[in-house]
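All chains, full assembly: derive it from the sequences and hints.
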Amino acid sequence: MTTPQHGSRHGVLQHAASASPLIAVSADVCELYKYLWHAAPQQYLEAALAGAGVFPLVVPSLGDRLDFDQLFAAVDGVMITGSGSNVHPSLYGGDASEANGPYDTARDSTTLPLIRKAIDHGVPLLAICRGLQEMNVALGGTLATEIQERPGTLDHRAPPSDSRDERFAICQTLMVKPGSYLSGVLGAVEIRVNSLHRQAVDRLGTQLEVVAVADDGIVEAVSVRDAPGFAVGVQWHPEYWVKSDEPSARIFRAFGDAVRARASTRIGLMRAAE
Numbered sequence: 035m036t037t038p039q040h041g042s043r044h045g046v047l048q049h050a051a052s053a054s055p056l057i058a059v060s061a062d063v064c065e066l067y068k069y070l071w072h073a074a075p076q077q078y079l080e081a082a083l084a085g086a087g088v089f090p091l092v093v094p095s096l097g098d099r100l101d102f103d104q105l106f107a108a109v110d111g112v113m114i115t116g117s118g119s120n121v122h123p124s125l126y127g128g129d130a131s132e133a134n135g136p137y138d139t140a141r142d143s144t145t146l147p148l149i150r151k152a153i154d155h156g157v158p159l160l161a162i163c164r165g166l167q168e169m170n171v172a173l174g175g176t177l178a179t180e181i182q183e184r185p186g187t188l189d190h191r192a193p194p195s196d197s198r199d200e201r202f203a204i205c206q207t208l209m210v211k212p213g214s215y216l217s218g219v220l221g222a223v224e225i226r227v228n229s230l231h232r233q234a235v236d237r238l239g240t241q242l243e244v245v246a247v248a249d250d251g252i253v254e255a256v257s258v259r260d261a262p263g264f265a266v267g268v269q270w271h272p273e274y275w276v277k278s279d280e281p282s283a284r285i286f287r288a289f290g291d292a293v294r295a296r297a298s299t300r301i302g303l304m305r306a307a308e
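In the working numbering, the protein residues as written are 35 to 308.
What the hints contain is simulated information worked out from the structure, not anything from laboratory work. There's no promise every hint is true.
As the list claims (entries may be wrong) - Pairs of lysine to any residue, SDA-like flavour, derived with a Cα cap of 20 Å:
1) Lys-151 x Pro-136
2) Lys-151 x Tyr-126
3) Lys-211 x Pro-185
4) Lys-68 x Pro-136
5) Lys-277 x Gly-174
6) Lys-277 x Pro-75
7) Lys-211 x Val-247
8) Lys-151 x Leu-91
9) Lys-151 x Gly-263
10) Lys-151 x Arg-201
11) Lys-151 x Leu-238
12) Lys-277 x Glu-200
13) Lys-151 x Leu-173
14) Lys-151 x Asp-98
15) Lys-211 x Pro-136
16) Lys-151 x Val-247
17) Lys-151 x Leu-96
18) Lys-151 x Gly-175
19) Lys-211 x Glu-224
20) Lys-211 x Asp-260
21) Lys-211 x Ala-192
22) Lys-211 x Glu-280
23) Lys-151 x Ala-222
24) Lys-151 x Glu-243
25) Lys-277 x Arg-201
26) Lys-277 x Cys-205
27) Lys-151 x Pro-75
28) Lys-277 x Ala-84
29) Lys-151 x Arg-99
30) Lys-151 x Val-92
31) Lys-211 x Ala-222
32) Lys-151 x Arg-294
33) Lys-277 x Phe-89
34) Lys-277 x Pro-94
As structure tokens, then:
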């Protein structure tokens, strides 16, 4: 006879198997209406839903007050979003300045350990723009700031415009490392992307390999070496054109497939333990 407890657990497993898997999404901390808000831009959440087919769960930036083991018992992927803020330079041996800001230290205190935990647990990870920079710093790397001021470096900032479509316009060519995980996802070694950043990878973090570069050599994508699954950081913004641009769509589809594969494995292990 099935006990109520067992029946309840079985029902949870059935629901988990049929529902879209959950992913953790990073949150910016900002002040609005005289309150502090923990929020993520809508374009990332829509890309998660429509492009990856997963359920985005925004995780508050509360640092070490969060139990990441508890979080990873519920989610099967992590997406670290872009942001208007920069990683605080004290985290990689740099100097903070007003010109390099703004900063969001509450986000830093949450995303860096979250990234490391995801990699350690083999949880699918997609890090975008600031997220790639956090990924690099989390693994011991450093960042180059205000790269548009460096001789020989292109201006990778968004074009000045009030139109979001113009700001996120696809405008530069990247070379993708042949044979890399990312080239397999994209099915190409050359793609066109947008560009909206003023920082970039300087010294590469341990465990990372460069898998795409811009014409001026700026690192545009990294992946975790020997990762068991999807663990990719991109400097551009595939979330913006996920519904109309094939390379953008491929990235989110691959991320979603990896999340579903982990969810299936985790549910299978839970069933085996019944």
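If you test the structure against every hint from before, which numbers come out violated? 1, 3, 5, 10, 15, 16, 21, 23, 27 and 34
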